[in-house]
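Q: Sequence:
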Amino acid sequence: MGLFDKIFRRSRPAGPLDDYWYFPFGAQQATSAGVRVSEETAIKYLTIYACVSLIAGDVARLPLNLYRKRRDGGKDTVTDQVIYDLLHNAPNDEINSFNWREAGIGQNLLWGNHYSLVRRNDRNRVVEIWPLDNPGNVEVYRNGAGELRYRWDAGGRTVDRGRDEIFHVPGFGFNGLKGMSQISVAREAVGLGLGVEQFGARYFGEGTHPTGVVQFPQGVKLGEKAGQYHAALKEQWAGLGKAHSLMVLSNGEEFKPLTIPLEDAQFLETRNFQKIEICGMYHVPPHKIAIHGANSNYNNLEQENQHYIDACLIHWVRRWECCINQQLLTRAERLAGFFFEFNLAGLLRGDSQARADFYTKLWQVGAITQDEIRGKENMNPLPAGEGDKTYVPLNFIPADQAAQIAKEPAPQPGEEGRSVERRDGKSARETRSILVRDRIAKQYHPLIRSAAEAVVNREAKAVKAQVTKMTAGRAFRSMDEWLGEFYRDFPEYIRQKMGPVLRSFCEAIRDAAGDEVGIDPDRAEVRKLIDDFVARYAERHIESSEGQLRALLAGAIADLEQRVDEWRETRPEKIARNETTRASNAVYQAVAFAAGLGTVWRVRGAETCPYCKELNGKRIVRGQSYVENGQEITPEGKDVMPINGTKAHPPLHRGCDCFLTAR
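If you read the sequence shown in our numbering, its first letter stands for residue 59, the second for the next number, and so on.
Just so you know, not all the hints are guaranteed correct.
Here are the in silico distance ranges between beta carbons for each label pair [claimed, not checked]:
id: 1; residue 1: 631; residue 2: 139; range: 52 to 62 Å
id: 2; residue 1: 368; residue 2: 419; range: 34 to 44 Å
id: 3; residue 1: 138; residue 2: 223; range: 53 to 63 Å
id: 4; residue 1: 694; residue 2: 432; range: 19 to 29 Å
id: 5; residue 1: 631; residue 2: 519; range: 11 to 21 Å
id: 6; residue 1: 365; residue 2: 233; range: 23 to 33 Å
id: 7; residue 1: 416; residue 2: 500; range: 55 to 65 Å
id: 8; residue 1: 376; residue 2: 515; range: 21 to 31 Å
id: 9; residue 1: 694; residue 2: 617; range: 31 to 41 Å
Simulated crosslink set (SDA-like; lysine to any residue; CA at most 25 Å straight-line) [claimed, not checked]:
id: 10; residue 1: 676; residue 2: 704
id: 11; residue 1: 696; residue 2: 680
id: 12; residue 1: 419; residue 2: 519
id: 13; residue 1: 705; residue 2: 606
id: 14; residue 1: 133; residue 2: 396
id: 15; residue 1: 102; residue 2: 330
id: 16; residue 1: 519; residue 2: 507
id: 17; residue 1: 419; residue 2: 503
id: 18; residue 1: 133; residue 2: 377
id: 19; residue 1: 133; residue 2: 382
id: 20; residue 1: 236; residue 2: 116
id: 21; residue 1: 292; residue 2: 282
id: 22; residue 1: 283; residue 2: 271
id: 23; residue 1: 555; residue 2: 542
id: 24; residue 1: 102; residue 2: 195
id: 25; residue 1: 519; residue 2: 594
id: 26; residue 1: 102; residue 2: 349
Since the hints were made in silico from the structure, they are not lab data. Beta carbons: idealized from backbone N, C-alpha and C, even for Gly.
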C-alpha cells in the first residue's frame, strides 16, 4: 500500500436521490482525506477557483438581450422594456448585471443553486432583483396547499417567500426543483486535492515526516534537557529556509538523514491528477486554466475551445435562459413572443481570416448586409444607408433592384451612356435586357482581365528570353522557328488560364438570357457552344500574337521586345473588353435562337461609330448573318469598311460595344 493509500481512504457516498446532496453542506463530516470540505473551503483550492471564476466570468460577459419573435421566423431586439434594463445593465441600484450574473453562476458551480429576491410592481412586472448570498441556507419546500416556498435564516430571523418573489436557477438535480451541490458530489475528490495541497505546504514548511535522526554516543543521556535540545535543533536548522545550511554538532552526535523523495511518494502525480479530475467535473479543458499537457498544442486548441463552449458553457447559458424566460417574464409576455437569449457570437469568433471567409460566403448569397458585417466587427454602419442592402450571386446587383429591373423605364438618350436608340415599343425591355448583361460583364471584367494578363505576361517573358539568347549568340534556332514551336503548344496554356473564367461568364449570361426569354436552355448545347468559343478564342489570340511578331522579323530584333512590352500595358484590357462583348452576344444569340426567336443588332447611342449604325435594328434568325465575309459597309460620307470574316453577332470591329436583343 502506497503512502497516499494509507493517508487518504474513500468512504461510501450517498445515493443520488438521498437528501444528503440537497441539504446545506457546510456542516457535513470530514472527508476520508481528513480535510473538512464545504463550498467556502473548496473555493480556496486553486483549481476549483480557476474553473469557477472562468465559467462564471465567461457566461457573465455574454450580452444578454431581449428579443421578440417575428412571424417570418426572425427576431427583433427590444430595448425599451424595464426587464431588459435590469438583466442587461443593472438588476438594482447597487449591482451591475455582470457582477450579478457572475456571482449567480459561481453559486451554481459550488452550491448547485442560485437564488435572488425579486420585487414586482402592481402589474406583476419585475422592477428589482437582489441576490441571496448563501444558497446553502435556503430551504425549498411545499406548504400545506402544495405551493412551492423558499425559507432561509436572515441574521436570526426566518424569511419565507413564495415562488413569484424568488428567482431560482437550479443546477443538475433529480427532483427538478433544486440542484445538487457539485462540491458535495465531488467531496472526496476535492478533499483529496486539498489534502495534497496541505501536505505539500507542510512538507516544504517543516516536513510531514522526520527528515533525519541525531544519534548520541553510547552513554550520553539528555534526561530533562531533551526538550530544550530538540527545540534548539529545530530553531537553528529546521525549515525550508535552512534546508542547506551547515549543521554543527558539539557533543559527539551523528546526524543520519531519512529523506523520502517526493517522486517516491507520488506527490506530483497525485497533485496533477486531482487538478485534471476537477477540470473534468466542470467540463473545462485543462489548458483553459493553464494546465498544459501532452495533448495540448496550438494545432488543437481551436477544437478544445469549441469543446469548452459545447460541453461546458452552453449548458449554463441555456439553463439561465430557460429560468429567466420562465420566471422573470409573464405568461402574456412569452405568448407575445418576448424571450431572453445570450449572444454567443463573441465566444465563437475565429481568427480574422476565418471571419473574413465566413462573412464573404454569407454576403455572396445575399444572407447578410455590409452593415450587419460591420456590426459584428464593432464598426458603425455605412452612411446614408449604403450598407443595408443584400446582394445576389453572379452579377451582384442589389437584391431589391433585381425585381425592379422589370419595372424601370428606359433611360433617356445620353444618360450615363446606357441608353439605346428607340425604334419600337420594346425599347424599354431591350434596355432592361442589356442592363442585366452589362452588370454581369462588369463583375467578370477584372477576372477576365487578370487571366489575360497571365497569358500576355507568359508569352512576353518567353519572347524576351529568346531575344536575349539570340542577342548573346546562344540561340540554336532562328526566331521564325522558335515562334512556330512556341505558339504550337501555347493554345493549351491559354485554355487553362482563360477557359474557366470565360466558361463561368458565359454560363451567367446563359442563365440571364434564359430568364429573359422564358426558357431553360439546353445546357449540353450551350456548353458545346461555350467550349467552341473558348477554343476559338485561343486560335484568335495565337493568330494575332504570332502574326504581329512575324511581321516584325524583317526589322530589328529589339522591335519584338518593344511590341511585347506594349502588350503588357494595353492588351489585357482590350482582351477583357472585346471578349466580354463577343461572348455575351454569342451566348445570348444561341439562347434566343433556341427559343425560336431572332436577334436584333442594337447600338449604344448617338456616339456609336457610323459603321455599326448601318446595322442598327437589323434582325436575323438562325442560319443567317449580319454581314458576310468580303461584304463592304459604306456609311454616307465615310470610307468603305471591308468585312473580314462573317459577322453573326457583335463586335463588328475592335472596341465595338454593340449588343443584341431578342425578338
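Q: The structure should be examined with respect to each hint, and the outcome stated for every one.
A: Hints, one by one, checked against the model:
1. Between residue 631 and residue 139 the Cβ separation comes to about 58 Å, which falls inside the hinted range of 52 to 62 Å.
2. Range check, residue 368 to residue 419: Cβ separation about 22 Å, and the 34 to 44 Å hint is violated.
3. At about 26 Å, the CB distance of residue 138 to residue 223 disagrees with the hint of 53 to 63 Å.
4. The supplied range of 19 to 29 Å is broken by residue 694 and residue 432, whose beta-carbon atoms lie about 57 Å from each other.
5. Checking the proposed 11 to 21 Å range against residue 631 and residue 519 shows it holds: the Cβ atoms sit about 19 Å from each other.
6. Take residue 365 and residue 233: their Cβ atoms lie about 30 Å apart, and the range 23 to 33 Å holds.
7. For the pair residue 416 and residue 500, the beta carbons lie near 26 Å from each other, so the given range of 55 to 65 Å is not met.
8. As the Cβ distance of residue 376 to residue 515 is approximately 57 Å, the hint placing it in 21 to 31 Å is violated.
9. One distance hint, 31 to 41 Å for the beta-carbon pair residue 694 and residue 617, holds here, with the actual separation near 40 Å.
10. A C-alpha spacing of about 15 Å is found between residue 676 and residue 704, which places the hinted pair at or below 25 Å, so the restraint holds.
11. With a CA separation close to 31 Å, the supplied pair residue 696 and residue 680 exceeds the 25 Å bound.
12. Annotation: proposed proximity of residue 419 to residue 519 is violated, straight-line Cα distance about 36 Å (limit 25 Å).
13. With a C-alpha separation of about 23 Å, the suggested pair residue 705 and residue 606 falls inside the 25 Å cut-off, and the hint holds.
14. The suggested pairing of residue 133 with residue 396 holds, with an alpha-carbon distance near 9 Å, which does not exceed 25 Å.
15. A threshold of 25 Å between alpha carbons decides the hint, and for residue 102 with residue 330 the separation of about 17 Å falls inside it, so the pair holds.
16. Simply put, residue 519 and residue 507 have alpha-carbon atoms about 18 Å apart, close enough for the 25 Å limit, and the pair holds.
17. For the suggested pair residue 419 and residue 503, the alpha carbons sit about 21 Å apart, so the restraint of at most 25 Å is met.
18. Note on residue 133 and residue 377: the hinted pairing holds, with a Cα-Cα distance of about 21 Å set against a maximum of 25 Å.
19. At most 25 Å may separate the alpha-carbon atoms for a hinted pair to count; residue 133 and residue 382 meet this at roughly 18 Å.
20. Pair hint residue 236 plus residue 116 holds up; C-alpha atoms about 24 Å apart against a cutoff of 25 Å.
21. Simply put, residue 292 and residue 282 have alpha-carbon atoms about 17 Å apart, close enough for the 25 Å limit, and the pair holds.
22. Distance restraint check for residue 283 and residue 271: the Cα-Cα separation of roughly 17 Å lies within the 25 Å cut-off, and the hinted pair is therefore satisfied.
23. The suggested pairing of residue 555 with residue 542 holds, with an alpha-carbon distance near 21 Å, which does not exceed 25 Å.
24. Of the pairs offered as hints, the one joining residue 102 and residue 195 holds, with about 20 Å between alpha carbons and a cut-off of 25 Å not exceeded.
25. Between the alpha carbons of residue 519 and residue 594 the distance comes to roughly 24 Å, so the proposed pair stays at or under 25 Å and holds.
26. Straight-line distance between C-alpha atoms of residue 102 and residue 349 comes to about 18 Å, which keeps the hinted pair within the 25 Å bound.
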